[in-house]
Amino acid sequence: MNHLQLLALISSLLIGIPSMAMTGTRDTDNRDNRDEQLLQVNVNPPLVSGEIRKVDKDSGMITIKHEQIPNFDMPAMTMLFNVDDVAMLDQFKAQDKVVFSVNKRNNKLTVVHLERA
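Residue numbers -21 to -1, 1 to 96, in mature numbering (1 follows the signal peptide of the UniProt record, and there is no 0), belong to the letters of the sequence shown in order.
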């Protein structure tokens, strides 16, 4: 490799590395913005309509047929949830129409608010 080729290689590296670093920063900023948006949604999670299918006080879990849960981009379905406060289960039974909100606790989807519709 002659001196001219070496100089061209070094020049292209010096120009390319800073632009790659700037691109990486831009992606990180976008990811941070998405994380911040998710955090805002999960600080005050939206209320979702549903119908209780089963209440299991012993395990502290509740099965709810629910509409879409937007803060987790989850479609309507029937699923089992943990509850934030087991005492709230005393007030509900199967077939109750409810509105509720869900958040993650210990990496599990958990009902953090539950009331009759």
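One thing to keep in mind: the hints can contain errors.
Cβ-Cβ distance ranges computed for the label pairs, FRET-style [as the list claims (entries may be wrong)]:
| hint | residue 1 | residue 2 | range |
| --- | --- | --- | --- |
| 1 | Q47 | S(-10) | 18 to 28 Å |
| 2 | R84 | I(-7) | 45 to 55 Å |
| 3 | N23 | T57 | 18 to 28 Å |
| 4 | P25 | S(-10) | 44 to 54 Å |
| 5 | I(-7) | M58 | 44 to 54 Å |
| 6 | N85 | M56 | 18 to 28 Å |
| 7 | Q47 | Q70 | 21 to 31 Å |
None of these hints come from the bench; they were simulated from the model.
Yeah, the Cβ is synthetic: ideal placement off N, Cα and C, and Gly gets one too.
### Query
Which numbered hints turn out to be false for this structure?
Violated: hint 1 alone.
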